[in-house]
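Undergrad: Protein sequences, first through last, are from chains A and B. All residue numbers for the first sequence refer to the working numbering, where the first residue is 13 and numbers rise by one. All residue numbers for the second sequence refer to the working numbering, where the first residue is 8 and numbers rise by one.
Read the hints as simulated data drawn from the structure, not as lab findings. Be aware that one or more of the hints could be misleading.
To be verified - With the Cβ distance kept under 7 Å, some of the chain A side facing chain B (calculated, not the full set):
#	residue
1	Ala246
2	Gln250
3	Pro300
These figures come from a predicted structure and were not determined experimentally. Ideal placement from N, C-alpha and C gives every residue a C-beta, glycine not left out.
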Amino acid sequence: MSTVQTGATASGHQPLATGVPLLRVHDLSVGVRSTGRPVRIVEDVSFDVDPGQRMGIVGESGSGKSLTLRAIAGLLPKPVEVLSGAVEYNGADLLGMPAKKRRALMGPEIAMIFQEPMTALNPVMRVGDQIAEGPRRHLGLSAKAAGDLAVQMMARTGIPDPARRARAYPHELSGGLRQRIMIAMAVSCGPRLLLCDEPTTALDVTVQLQVLRLLERLCEDTGTSLVFVTHDLAVVNQTCSELAVMYAGHIVESGRVKDTFRQPRHPYTRGLLESAPDFDRPDRALVPIPGFPPNVSDRPAGCPFAPRCGYVRAHCTEAVPPLAEVAPGRLAACFESDRLDEVLA
Amino acid sequence: MSTAVQEPTLEPSVLRVSALTKRYGGHSSWLSRLTSGPSVALKALDGIDLHLRPGEVLALVGESGSGKSTLAKILVGSATPTSGEVSVAGQPAPARRDKESSRRVQMVFQDPYSSLNPRITVGKMLSELLLLHRIVPRSEVRAESVRLLNLVGLEEDVLGAYPSQFSGGQRQRLAIARALAVRPDVLIADEPVSALDVSVQATILELFATLRSELGLSILFIAHNLAVVQHLADRVAVMYLGRIVEVAETSALFSAPRHPYTRALIDSIPRMTETSVNDGFELDGEPPSPYDVPAGCRFHPRCPLASEVCRENDPPLLTVGRAHESACLKADELADIPVPNAPQEHA
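So that you can see chain A by itself, here it is in the shape it has in the complex:
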């Protein structure tokens, strides 16, 4: 059995398949089918997440990072749908399996944490009951046992006075507490994979630190894998070990956070790092990326970053550079990647 433990039981997890990653996303394209050519918002995205690995997906608004995450969870907003590609969880094809079977995985195997807890929680249900719902349904606990588990989970997420707070409605709690409720809800069935969509963006900085530490501790205690979508590079640095950078629907660079921050191999990653203020280097000038990301229905031929890129050459506008290995464990989708050899301090 796995090392995953919930507050109450070591749940009925499927055994981990050997030789395959926990999550495998392969050539995933997400978009809208229209009468003419489909609009592809996410294009040919591939990445793997191993058990216990923590992966950050970084990109600006409209880069497709949240839709990638929602496609994994099966929560795409209509009319957006998966156009092609595969999502495999523990060796099983998530997209091809019957809806009922997929729903059964959500909770005990895969769980999701959203950015805005106020819209993700049921406003007319006590938070304790909302947390208990998953364990009752998926772990087969009685109402009493699930209620006790909910209080335990709340205590574990650092909510003071959990027994009393369990009887509260979402609107009675502060933003930080609501986010903890959502985390308690997500981890109540002991998932192996936690999908987080900007979980701390709406929080104040001192509360953000508390929530990030909590997520880190929960993942370390239970060996849970994390896919963490954010626009904040510093937050990724504090939470994740692996990084994928998305631009205009493509993964343009991936690798270990440490290596990527030190020596980015894609001009966009480099641009992001140089345009963000770094608290530890106040003297460094900020270098904005010129221009704007392309409109989703009007992406340029060739490399999507070419019009804004300082390293651009003629062949960049002719073909889309594939995501290829540029160093051990590091991928970049850039023809000119070899010219980016500078080490940022």
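Assemble the complex: chain A is given as a structure, and chain B must be docked to it using the hints.
TA: Using the frame of chain A, we list chain B on its own:
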């Protein structure tokens, strides 16, 4: 502490507030007095003294509910203070602003999508202001509009466009051009970059820095991102539950904070380097409700240094160093606890 009386020793300031308070709620009508329970007032601002020097960027930081935006609203005259005084360029500003005193203080809002009128073109937006405030004669309105657009990095050809045709960063430039059109002394910018992507954020920060150095504009920059503040501001004021708890030059504030709340904020910043800070200044819990401000020092329930004296005394903002004020009874004790991984002092 400054009083309402202008002393000759006061530093020159383009904007000054003294003993400013703002209270919301408490029953006003006899009907609400009859129908609901005892009156509960929210003290959004509880005695603010602050001044903005000519040509400086003063950052105002603090968590949600600390009163930053209420203060900004009072400064531009869109809310009236319960007590206290606002003076602009040495003159007391009337509670209900006249045309001249509202011209002097202009605002840039957080959300450039909702703060521009979608029904009028950029040219119309600017000419309306230029004519209303008689900034230039009618014949020069177009030239002046173009000058303003160039100032914020836009070209003449956008005059006929509507706000919906622009991206977030460009809209924020338009909002800044609109604020500058009436030639204000002070710009109040309420979280002007937090709705923007990082690559765009850098260009807007650059623009603010240019406006300060080239026009000598004084800017009150409200933000929650301390890395941004450190990059742009000359001085920083930290707010907590309706009070200013620390004011200092930017480099002094970040390298040697003298209030434990400032220290906790700094330690909470997500860092780009590998090392992460963990030294006991991580705060438990969240800011208490402004409906129910703790007795004594308002920070004591979350403060790792708090002792009996903090529970009993409400510390005023006192000078603790050169141009450095802190409202903490343990400011000296804190000075002896060095900040781990302190950013290097910058010139």
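Undergrad: Verify the interface restraint on Ala246/A: the C-beta must sit less than 7 Å from at least one C-beta of chain B.
TA: Result: holds, 4 Å to nearest chain B Cβ.
Undergrad: Using the nearest Cβ pair, does Pro300/A come within less than 7 Å of chain B?
TA: holds (4 Å)
Undergrad: Grab the minimum C-beta distance from Gln250/A to chain B and call the hint holds if it beats 7 Å, violated otherwise.
TA: Because about 5 Å separates Gln250/A from the closest Cβ in chain B, which is inside the 7 Å limit, the hint holds.
Consistency note: the structure conflicts with none of the earlier hints.
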